[in-house]
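2 protein chains.
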Amino acid sequence: MPNVYAVIMAGGVGTRFWPRSREKTPKQLLEIVGEGTMIQNTVNRISDLIDPKNILIVTNKIQKPSVAKQLSNIPEDNIIVEPQGRNTAPCIGLAGLFVRRIDPEAVMVVLPADHIMHNEEEFRRVLRLAIWVAYESGKLITVGIHPTRPETGYGYIQVIDEDGKTNPYFDRGVYRVKTFAEKPNLATAKQFLQSGDFLWNSGIFIWRVDTIMNEIQIHLPDLYNELLKIDGSIGDEKYDNIVETTYRMIRGISIDYGVMEKAKEVYVIKGNFGWSDVGSWDEVYRISGKDDNGNSITGQAFLHDTKNTLVYSGDKLVATVGVEDLIVIATDDAVLVCKKGQSQDVKEIVDYLRRKQKVEYL
Amino acid sequence: MPNVYAVIMAGGVGTRFWPRSREKTPKQLLEIVGEGTMIQNTVNRISDLIDPKNILIVTNKIQKPSVAKQLSNIPEDNIIVEPQGRNTAPCIGLAGLFVRRIDPEAVMVVLPADHIMHNEEEFRRVLRLAIWVAYESGKLITVGIHPTRPETGYGYIQVIDEDGKTNPYFDRGVYRVKTFAEKPNLATAKQFLQSGDFLWNSGIFIWRVDTIMNEIQIHLPDLYNELLKIDGSIGDEKYDNIVETTYRMIRGISIDYGVMEKAKEVYVIKGNFGWSDVGSWDEVYRISGKDDNGNSITGQAFLHDTKNTLVYSGDKLVATVGVEDLIVIATDDAVLVCKKGQSQDVKEIVDYLRRKQKVEYL
Chain S
1 MPNVYAVIMA
11 GGVGTRFWPR
21 SREKTPKQLL
31 EIVGEGTMIQ
41 NTVNRISDLI
51 DPKNILIVTN
61 KIQKPSVAKQ
71 LSNIPEDNII
81 VEPQGRNTAP
91 CIGLAGLFVR
101 RIDPEAVMVV
111 LPADHIMHNE
121 EEFRRVLRLA
131 IWVAYESGKL
141 ITVGIHPTRP
151 ETGYGYIQVI
161 DEDGKTNPYF
171 DRGVYRVKTF
181 AEKPNLATAK
191 QFLQSGDFLW
201 NSGIFIWRVD
211 TIMNEIQIHL
221 PDLYNELLKI
231 DGSIGDEKYD
241 NIVETTYRMI
251 RGISIDYGVM
261 EKAKEVYVIK
271 GNFGWSDVGS
281 WDEVYRISGK
291 DDNGNSITGQ
301 AFLHDTKNTL
311 VYSGDKLVAT
321 VGVEDLIVIA
331 TDDAVLVCKK
341 GQSQDVKEIV
351 DYLRRKQKVE
361 YL
Chain E
363 MPNVYAVIMA
373 GGVGTRFWPR
383 SREKTPKQLL
393 EIVGEGTMIQ
403 NTVNRISDLI
413 DPKNILIVTN
423 KIQKPSVAKQ
433 LSNIPEDNII
443 VEPQGRNTAP
453 CIGLAGLFVR
463 RIDPEAVMVV
473 LPADHIMHNE
483 EEFRRVLRLA
493 IWVAYESGKL
503 ITVGIHPTRP
513 ETGYGYIQVI
523 DEDGKTNPYF
533 DRGVYRVKTF
543 AEKPNLATAK
553 QFLQSGDFLW
563 NSGIFIWRVD
573 TIMNEIQIHL
583 PDLYNELLKI
593 DGSIGDEKYD
603 NIVETTYRMI
613 RGISIDYGVM
623 EKAKEVYVIK
633 GNFGWSDVGS
643 WDEVYRISGK
653 DDNGNSITGQ
663 AFLHDTKNTL
673 VYSGDKLVAT
683 VGVEDLIVIA
693 TDDAVLVCKK
703 GQSQDVKEIV
713 DYLRRKQKVE
723 YL
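Order-wise, the sequence lines are chains S and E.
According to this note's numbering, the first sequence is numbered sequentially starting from 1.
According to this note's numbering, the second sequence is numbered sequentially starting from 363.
Some hints here could point you the wrong way.
As the list claims (entries may be wrong) - Derived EDC-like pairs (lysine to aspartate or glutamate); straight-line CA-CA distance at most 16 Å:
#, chain 1, residue 1, chain 2, residue 2
1, S, 347, E, 667
2, S, 340, E, 686
3, E, 501, E, 393
4, E, 431, E, 393
5, E, 720, S, 82
6, E, 709, S, 305
7, E, 702, S, 305
8, S, 178, S, 82
9, E, 386, E, 677
10, S, 347, S, 240
11, E, 415, E, 439
12, E, 669, E, 653
13, S, 358, S, 23
14, S, 340, E, 618
15, E, 702, S, 240
16, S, 64, S, 305
17, S, 358, E, 677
18, E, 702, E, 713
19, S, 24, S, 82
20, S, 307, S, 332
The hints are simulated quantities; they were obtained by calculation from the structure and are not laboratory data.
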């Protein structure tokens, strides 16, 4: 059996979850759906499979204290701090340096900190399979989600239509990736759904650390060279300074765009475990329990003549009268009222607050 | 010239203004439209006409401290406390006892504490005329507002179509009342508006104190007898106890229903001074200034893709996305989101809170 490490990416700001998500307490550090914060649930979901001392968290300076507090079972040294967010490729590369020094053949499971999965047993089955294939094949593995609707908020993965002759893992539900597709418009999303060979791109990756570092060296040589500068200083007192200066030179790029789309051979494992990236308040409404009027309520609320509305009331009382298809989120210092279907525009509010330097609300 | 006393009725709870209006700080003690609280504006509006030492306020125990604080120019002895709210007839009768002891021929101007008037000069002209007619004629006088729309939220007054032969004040714009009408439905309200002989019932009354006490004695003899019990104790140490026990026996009845509709001859003076009883959040929206998108904002707010919406944000930030025709009211501990046109139903929320004994929100 290989050594297995998890790398949980937890540096996001979660602007689309304003006013709950703030710079100091972003989405992954909140209880958005059900009990436990999203990052706690992410860790708990894999702790049967991966020893907490092998779980690394990549976050930023502002969030580190809360991360450490919420994940008391994880050694504080496992929390890696990026000076700035530079998208997923540098984040994964930085964590890869740490894992590679321990064991170059270790398998890395890369997980976003802010996803939910309803069937955790099935999720762990997929991970176990992925770890085995990643270790044995030395290939890049990603997890594709069986699509259930023409979703325009996700990227897609098209699989190769094959009979298994050239794919030794075909019988286990492991497919080869034909192409990655960006978030489609609705018409395209409908075609994807009908075609049957498109999966949702979950953003979950499994690979041996030598595999991914090698692929980064091939496809993102500039990044790889910067990472090497950091590598030499790990465990050294100069480390903090070198990470700081190196990150200024690193450009932001996603692992999808920078590596996955360019790599020669990528496997995708089909998962069907009730996955959601919980990307917006609309998505929270979609996956939440509702009452007979289609309302989903967290906290104290009185809804009169109200339908299909999501209410989060914090420690306040929220009352609604004669409305439908709304999202109402109340926090200590701010209130959001948003038409359902338009919650992607919540980021406009955060942009406005940044422009106006209303930092107390960011 | 007669002695003139004002009686300002300020005991209401303002349930339709929840969550701003609370038992301790009801509508009349708040800045709902523009600057100054409603009761402060009510006093200031008449202080050119009536000496503050002649202005009486009728309120309740809970509100008395705030009333006294807000109206520092009014002697504290002028604040009359009702043990319970019993509608307007007992309130007016109780105040009448105090005025009658000073001067039975004094003119009483009875004003709700929570109305607004845009043209205060015209309002005072109407009051001056009313005071003179009330003193000279010894009749009951009310003020009717020239209607500008088929409003279903007000009661109406129909005037007698006459040529002035039997009405010595006809030339001064003083009419005789034919009948009082309850709040109509929309079809009836449209007929009232077209007919030209209906005015809005403002709830403002002017009469000599001997006139109104006499009318109460005739039409509400039970109330009058209870009031006499109180009368004997004014200035006495037993007063508080007697008011307390007497009020338990008094049934709630409005002066409109109990006296005005039954009295033989009532005059109405037409007023056209931009009056509103500010009876709901919808009415606040109607009379407030709006921006180019039809939004009316008080406090900190960012409205994105939002039209025809009223926002009061208290000391919070309110953000809206993709909504229209909404009322959004945020206070320290509660948030209201209400469809425009349905703000009459805000009282349902208060009823709910009472049933659930959530007294902290009342």
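*Between residue 24/S and residue 82/S, is the straight-line Cα distance small enough, at 16 Å or below?*
15 Å, holds
_16 Å Cα cutoff - pair residue 340/S, residue 686/E_ = 13 Å, holds
*Is residue 358/S within 16 Å of residue 677/E, Cα to Cα?*
Satisfied, since the Cα-Cα distance of roughly 14 Å is no more than 16 Å.
*asked:* Checking one constraint from the list: CA of residue 64/S to CA of residue 305/S, max 16 Å. Satisfied?
replied: It is violated: about 44 Å lies between the C-alpha atoms, which goes past 16 Å.
*Does the alpha-carbon distance linking residue 415/E and residue 439/E stay inside the 16 Å limit?*
Status holds; Cα separation ~9 Å.
*asked:* Does residue 618/E sit within 16 Å of residue 340/S, going by the straight-line distance between their CA atoms?
replied: Distance of about 46 Å is beyond 16 Å: violated.
*Is the Cα-Cα distance between residue 720/E and residue 82/S 16 Å or less?*
Roughly 47 Å separates the two Cα atoms, so the pair is violated.
*For the pair supplied as a hint, residue 669/E and residue 653/E, confirm whether the alpha-carbon distance does not exceed 16 Å.*
Judged against 16 Å, a Cα distance of about 9 Å means the pair holds.
*Quick one, are residue 501/E and residue 393/E close enough, alpha carbons at most 16 Å?*
35 Å, violated
*Restraint check for residue 347/S with residue 240/S, where alpha carbons must lie at most 16 Å apart*: Not satisfied, since the Cα-Cα distance of roughly 32 Å exceeds 16 Å.
*Is it true that the CA of residue 709/E sits at most 16 Å from the CA of residue 305/S?*
The given pair, whose Cα atoms are some 13 Å apart, holds under the 16 Å limit.
*For the pair supplied as a hint, residue 178/S and residue 82/S, is the alpha-carbon distance within the 16 Å limit?*
Not satisfied, since the Cα-Cα distance of roughly 33 Å exceeds 16 Å.
Taken one by one, the earlier hints fail for this structure at numbers 3, 5, 8, 9, 10, 14, 15, 16, 18, 20, listed in ascending order.
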